[in-house]
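Chemist: Let the sequences and hints guide you as you build the complete structure.
Read top to bottom, the protein sequences are chains A and B.
Just so you know, my numbering puts 308 at position 308 of the first sequence, and the rest follows in order with no gaps.
If you want my numbering, it's the position in the second sequence, counting the first as 1, plus 1000.
Just so you know, not all the hints are guaranteed correct.
Said to hold, decoys possible - Each computed PhoX-like pair below joins lysine-lysine, with the alpha-carbon atoms no more than 25 Å apart:
{"hint": "1", "chain 1": "A", "residue 1": "120", "chain 2": "B", "residue 2": "1136"}
{"hint": "2", "chain 1": "A", "residue 1": "115", "chain 2": "B", "residue 2": "1123"}
{"hint": "3", "chain 1": "A", "residue 1": "115", "chain 2": "B", "residue 2": "1136"}
{"hint": "4", "chain 1": "B", "residue 1": "1052", "chain 2": "B", "residue 2": "1069"}
{"hint": "5", "chain 1": "B", "residue 1": "1013", "chain 2": "A", "residue 2": "434"}
{"hint": "6", "chain 1": "B", "residue 1": "1143", "chain 2": "A", "residue 2": "260"}
{"hint": "7", "chain 1": "A", "residue 1": "135", "chain 2": "A", "residue 2": "120"}
{"hint": "8", "chain 1": "A", "residue 1": "310", "chain 2": "B", "residue 2": "1143"}
{"hint": "9", "chain 1": "A", "residue 1": "120", "chain 2": "B", "residue 2": "1123"}
{"hint": "10", "chain 1": "B", "residue 1": "1013", "chain 2": "B", "residue 2": "1090"}
{"hint": "11", "chain 1": "B", "residue 1": "1013", "chain 2": "B", "residue 2": "1063"}
{"hint": "12", "chain 1": "A", "residue 1": "247", "chain 2": "A", "residue 2": "171"}
{"hint": "13", "chain 1": "A", "residue 1": "260", "chain 2": "A", "residue 2": "120"}
{"hint": "14", "chain 1": "B", "residue 1": "1136", "chain 2": "A", "residue 2": "434"}
{"hint": "15", "chain 1": "B", "residue 1": "1136", "chain 2": "B", "residue 2": "1039"}
{"hint": "16", "chain 1": "A", "residue 1": "128", "chain 2": "B", "residue 2": "1136"}
{"hint": "17", "chain 1": "A", "residue 1": "6", "chain 2": "A", "residue 2": "115"}
{"hint": "18", "chain 1": "B", "residue 1": "1099", "chain 2": "B", "residue 2": "1006"}
{"hint": "19", "chain 1": "B", "residue 1": "1136", "chain 2": "A", "residue 2": "171"}
{"hint": "20", "chain 1": "A", "residue 1": "128", "chain 2": "B", "residue 2": "1143"}
{"hint": "21", "chain 1": "A", "residue 1": "310", "chain 2": "B", "residue 2": "1090"}
{"hint": "22", "chain 1": "A", "residue 1": "436", "chain 2": "B", "residue 2": "1069"}
{"hint": "23", "chain 1": "A", "residue 1": "6", "chain 2": "B", "residue 2": "1123"}
{"hint": "24", "chain 1": "A", "residue 1": "171", "chain 2": "A", "residue 2": "120"}
{"hint": "25", "chain 1": "A", "residue 1": "115", "chain 2": "A", "residue 2": "434"}
{"hint": "26", "chain 1": "B", "residue 1": "1013", "chain 2": "B", "residue 2": "1039"}
{"hint": "27", "chain 1": "B", "residue 1": "1052", "chain 2": "B", "residue 2": "1143"}
{"hint": "28", "chain 1": "A", "residue 1": "171", "chain 2": "A", "residue 2": "135"}
{"hint": "29", "chain 1": "B", "residue 1": "1136", "chain 2": "A", "residue 2": "260"}
{"hint": "30", "chain 1": "A", "residue 1": "115", "chain 2": "B", "residue 2": "1143"}
{"hint": "31", "chain 1": "B", "residue 1": "1143", "chain 2": "A", "residue 2": "263"}
{"hint": "32", "chain 1": "B", "residue 1": "1063", "chain 2": "B", "residue 2": "1039"}
{"hint": "33", "chain 1": "B", "residue 1": "1143", "chain 2": "B", "residue 2": "1123"}
{"hint": "34", "chain 1": "A", "residue 1": "135", "chain 2": "A", "residue 2": "247"}
{"hint": "35", "chain 1": "B", "residue 1": "1099", "chain 2": "A", "residue 2": "434"}
{"hint": "36", "chain 1": "B", "residue 1": "1013", "chain 2": "A", "residue 2": "120"}
{"hint": "37", "chain 1": "A", "residue 1": "135", "chain 2": "A", "residue 2": "434"}
Hints listed in this document are in silico derivations from the structure and should not be mistaken for laboratory results.
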Amino acid sequence: MKTNSKDLVSILIGVIGFIIPFFLNIPGLSEAGHVALSIFIIAALFWMLEPVPIYATSIMVILLQVFFLSKQGVLFPEVTAEYSPDSYTEFMGTLANPIIILFLGGFVLADAAVKYDLDKNLTRILLKPFGSNPKFIILGLMVVTALLSAFMSNTATTAMMMTVILPIIAKTEASDPLRIGIALSIPFAANIGGIATPIGTPPNAVVIGALSNQGIDIAFTEWMILAGPLVVVVLFFTWLVILRMFKPETDTIPTDFEGKFQKNASAILVYVIFGATVLLWVTESLHGIGSSIIALIPVTVLALTGILDKDGIRQLPWEVLWLVAGGISLGISMESTGLAEWIITNIEWSIFSPVFMIIVFSLMAIVMSNFLSNTVSATLLIPLALSLATSGAAGEGFSLVLISLVIGVSASLAMMLPISTPPNAIAISTGTVKAKHMTRSGFVVGIFGLLMVTLYALFYWPIILN
Amino acid sequence: MDALVKDLENFEKIFPVETANDTTEAMNVIDYILDHGHKIGLVLCDHVLPGKNGVDLLIELQKDEATAKSKKVLVTGQAGHEDTILAINKADLDHYVAKPWTEQELQEVVRDQLTDYVIENEKNLLAYMQILDAEKLSEEMRKHKMTDH
Chain A
1 MKTNSKDLVS ILIGVIGFII PFFLNIPGLS EAGHVALSIF IIAALFWMLE
51 PVPIYATSIM VILLQVFFLS KQGVLFPEVT AEYSPDSYTE FMGTLANPII
101 ILFLGGFVLA DAAVKYDLDK NLTRILLKPF GSNPKFIILG LMVVTALLSA
151 FMSNTATTAM MMTVILPIIA KTEASDPLRI GIALSIPFAA NIGGIATPIG
201 TPPNAVVIGA LSNQGIDIAF TEWMILAGPL VVVVLFFTWL VILRMFKPET
251 DTIPTDFEGK FQKNASAILV YVIFGATVLL WVTESLHGIG SSIIALIPVT
301 VLALTGILDK DGIRQLPWEV LWLVAGGISL GISMESTGLA EWIITNIEWS
351 IFSPVFMIIV FSLMAIVMSN FLSNTVSATL LIPLALSLAT SGAAGEGFSL
401 VLISLVIGVS ASLAMMLPIS TPPNAIAIST GTVKAKHMTR SGFVVGIFGL
451 LMVTLYALFY WPIILN
Chain B
1001 MDALVKDLEN FEKIFPVETA NDTTEAMNVI DYILDHGHKI GLVLCDHVLP
1051 GKNGVDLLIE LQKDEATAKS KKVLVTGQAG HEDTILAINK ADLDHYVAKP
1101 WTEQELQEVV RDQLTDYVIE NEKNLLAYMQ ILDAEKLSEE MRKHKMTDH
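Modeler: In structure tokens, the structure reads:
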């Protein structure tokens, strides 16, 4: 274990933050609410200062809640008037929450696709129709990246697309701004594309998980109908921004996109399973089978056929699942102890209009996730928004689903800094893009995103949701 | 030797080049590097060295745990059959560069070898994208299930 003094200080701050509420008597907050506040503080500080990996903090959150807040824990064995403790299974159960299983299915599918080069070959086939005009090549790259990152991790998609664009960049003049445009188009499209489906990126999972705890289930198709149009608009706008800021000098790029699909039996099985699963997901509203139930099909078939072997299972990104589960779990006790409600009732919300609050939450999510992990940003904001909506403090027009969507989508719209998202970090590492290019264009995209989220939340989402 | 160092100056930002004129000096340099907590990514070694044979040096490095993973390249004009076979079998030789080399050839070999080295031994590949083979590093990241967070 490697720790430097900065990390030790961060840990100390977190622990002190954890202890403080035990010695306070905050009026209006239940005893259990104090404990939940302690857990919230240490989690938030650890997630923000990152003295330990963010997934480690998440798993700690689950343990702390089981220890201190569950019925089987040390502090609240009995149901009282102000707090009826959840069973420890509620907190642990988040590790097998339907949204976690949905993600598991997504991971397994994406892994199989990568193993048989489906992602690479699909990309090359899809890029062909975009010709050799740099403007349309960038559009093509963005569309394909967004499409793939809607079903695979944004980061893995970006890494794969780097293998596509690096040879293109090598063929262009060193002084041509086109290079910057191409290198920026990939991470931006990946960040944006992740918004499109529930499995696109973990913040979506946090939102869906939190809503399902409230008894609201968002179908795969429903999410796509809600988020898809926004993705298309923001993606198109980002393309225009990139073309304007980094105007290509050359008018043609020599490309040869040759896809060579593997044709062995396993590969074909993977194509079929991939296609069938995606098809079942996007038609959920027709057949009504939940997406997390469908997600078990590829996991099962790929395991039975040995395509997902023991090593493959071990190498799945379990830490992402822990991260999301911890986030969902934190939301449970913030709700049940009344902590979330206490936080929001300290502000006189009714003086603000719904529009104002949509903008505030969207802006907070964008700002936070520029500096923090997108998932963490969504995790910290969602419980507040949920209680704001359920308590009725915010008045009419502030619906539960609406504000959750605002936060979930906005968390993916942060792309100003190299540290904002892993795709951004990859793009910067190539040296083709400088941080200032990213900040300038990412700022414009972020502002536009904020505007679009606000407009969609006011005019489009209510139509779909009602 | 100077020509070799000059050809490799592009890599110096991340991979400082150290030189030695014979095997004794080489061992001292290597010990010095390791003692200071650094790692050795690549050893370029001539076959004919004053004192000990270059192939023997590579074999020794292969036996030592601290340098076993370092990439080993023989740069030579006159290694005979037997020495070459020995280097491959006993020192796990990674590449053979015949004299006279061109700047481009040498840089390519070094880039390839160091790329393989960091892929096999380092966790954060992003740090090497600008100097090494970015395409190969990206491909490796794609296969290694990088995730969002």
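Chemist: Hint by hint, which ones does this structure get wrong, listed from lowest number up?
Modeler: Hint check: 10, 11, 17, 21, 22, 25, 27, 35 and 36 fail, others pass.
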